[in-house]
Amino acid sequence: MAVVFKKTQGLTEKEFHYCPGCTHGIIHRITAEVLEELGVLGDTIGVAPVGCSVLAYDYFNCDMSEAAHGRAPAVATGIKRSLPDKVVFTYQGDGDLASIGTAEIVHAAHRGEKITTIFVNNAIYGMTGGQMAPTTLVGQKATTAPYGRDEALCGQPLKVSEMLATIHGAAFVERVAVDTPANVKKAKKAIKKAFECQIEGKGFAIVEVLSTCPTNWGMTPVDGIKWLQENMMPYYPLGNMRNPWEVE
Amino acid sequence: MAKVLMKGNEAVAAAAIKAGCRYFFGYPITPQNEIPEYMSKELPLIGGSFVQAESEIAAINMVYGAAGAGVRVMTSSSSPGIALKQEGISYIAGAELPCVIVNMMRGGPGLGGIQSSQSDYFQATRGGGNGDYRTLVYAPANVQELVDYTMKAFDIADYYRNPVLVLGDGMIGQMMEPVEFKEPEKMELPEKDWATTGTKGKRKPNIINSLRLDAAELEDLNIKLEAKYTEMEEKEVRYEAYKLEDAEIVFIAYGTVSRITKNAIDLLAEEGIKAGLIRPITLWPFPNKAFAEIPATAKALMSVEMSQGGQMIDDVKIANEGRLPIGFYGRSGGMVPAPKAIAEAAKEMLGGVK
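In order, the protein sequence lines correspond to chains A and B. One point on numbering: in my numbering, the residue at position 225 of the first sequence is 412, and numbering is uninterrupted. One point on numbering: in my numbering, the residue at position 105 of the second sequence is 107, and numbering is uninterrupted.
Since the hints were made in silico from the structure, they are not lab data. Small disclaimer: the values here were computed from a predicted structure and weren't measured. No residue lacks a Cβ here, since even glycine has one placed at the ideal position from N, Cα and C. Any given hint might turn out to be false.
In silico lysine-lysine, DSBU-like type, Cα no more than 35 Å apart, as pairs [what the hints assert, rightly or not]: (1) A:K194 x B:K230; (2) A:K273 x B:K20; (3) B:K342 x A:K273; (4) A:K273 x B:K230.
Label pairs and their in silico Cβ distance ranges [as the list claims (entries may be wrong)]: (5) B:I320 x A:D272: 47 to 53 Å; (6) A:E417 x B:I48: 26 to 32 Å; (7) A:C206 x B:I116: 28 to 34 Å; (8) A:P271 x B:E236: 38 to 44 Å; (9) A:P421 x B:I225: 40 to 46 Å.
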């Protein structure tokens, strides 16, 4: 009988620790599948962040480095400059990338650092217990925004992909979601392109993945997906913002 | 090899390259800018890489990445910049990665000034970052030593898988002296089989990490690190004992200040006062054993530092174990002690203990 689906070699046997309904597991899997399909697992070094995906180094079946909060793009820069023939990626959440590590991601993009970033945006700090993130929506409640995010006090949520797309060195920028099977397929395609962008030496690549946090949003997994579709997607529209193949 | 006239900062950079350093990540700050400038000129010519990072924090994390990839890597800065790097230094120590960090000290606290100082002693020797860790600290007193100990620092870092600090100051960084680039003594170094260089599908993934969520596991790491630090205390202590034989007063001074103190010793000798010097070359581990060489003729010790009230003096007190009275002479803010003022302070102290 033909095998139609099997577990990717890109992940270890370790069981994920993620909460029910969280989409980190899907994003891990499609990233790992891409690395396997591109045949680069043995030449890849990943950089894990601080936050919910802090243990990503236990899950990806390739060499991994754990970075300090926000510093993954700098760590990846050090690795890539030392080993320019290897494939280097960072996997970061919104607290890590859009708050404490904004300088690092902006300047890695600015230098056109040939790395790939998977940016998981769930509009909240997950691991530390549901505090407001730079990406938290206006009106959205968080433990440090108990009355809902007030634009007058905290500003509008940061649109990271739009911001990075203005930077010349950012060769590939795309926002995707993993809310439906069709979108998961699109997300995987974008992640594959983001790695190809690096492998072909075109420059910095980032894929922002809209993700859920049912635990800290106080919802069921199904309601979480619905909330993402109804609230996050209008503010964070899906689509490609930079594509080096089109630029040519 | 013939001697060449070089500025301290350039000599550090040249020594690092000679020692096999091919990667440098830094951020400009006075008075050490000749180090990144030299690296930016030389490294691309020999297949290496220089990155001017967006901040000191990014620079030290680039060092972390490169060190994890198994290459010889260095960064340099001056006091406020080193303060920013402390987070990364703690991570590097926790992940057991080798690298070399140069601090050409300037006055503080805060933004301070740009003149020479020794006020980062606590930061360097106590571990300015969080957690239970130590970094070996070399304190060269001239440009030749700056070269020799920078080269040695790379081997020591690789041997112990630990960051090594080269602690100079604005004065030694900016002064020009003749130096010789000698082949360093060969050390037997372990393979870097822990590095993240890609598995090639031939081994299990390597993980560079300082996170230990299990308390017992973290304590195990700290116990392992302590054993390493104990080995450094046993094997890596370096110091110079100068005119100690029949000294009445023994100075303790390091780096550039030790040279000024030697001039003070000469001035005292002219007046028939016998003075000697213990010069720590490693600030951590501190040369406690040097204090066993202090002769019975000694009546007092005096710590001489470019810091207000003294920082090394705490280690002098520990090493002295309460045996002799301890005095202090220091200037701060970028002011440099004069030999005559040191000699006068010594005479006053001796007058008090007679």
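So, going through the hints one by one against the coordinates:
A distance of roughly 42 Å separates the Cα atoms of K194 of chain A and K230 of chain B; the hinted pair therefore is violated under the 35 Å criterion. As the CA atoms of K273 of chain A and K20 of chain B are separated by approximately 26 Å, the hinted pair is consistent with the 35 Å bound. Under the criterion of a C-alpha separation no larger than 35 Å, the hint pairing K342 of chain B with K273 of chain A is inconsistent with the structure, at around 60 Å. Under the criterion of a C-alpha separation no larger than 35 Å, the hint pairing K273 of chain A with K230 of chain B is consistent with the structure, at around 32 Å.
The supplied range of 47 to 53 Å is met by I320 of chain B and D272 of chain A, whose beta-carbon atoms lie about 50 Å from each other. The supplied range of 26 to 32 Å is broken by E417 of chain A and I48 of chain B, whose beta-carbon atoms lie about 57 Å from each other. Taking 28 to 34 Å as the suggested C-beta distance range, the pair C206 of chain A and I116 of chain B does not conform, at roughly 51 Å. Range check, P271 of chain A to E236 of chain B: about 40 Å between beta-carbon atoms, so the 38 to 44 Å window is met.
At about 54 Å, the beta-carbon gap between P421 of chain A and I225 of chain B misses the expected band of 40 to 46 Å.
Violated hints, listed in ascending order, are 1, 3, 6, 7 and 9; each of the other numbered hints is respected by the structure.
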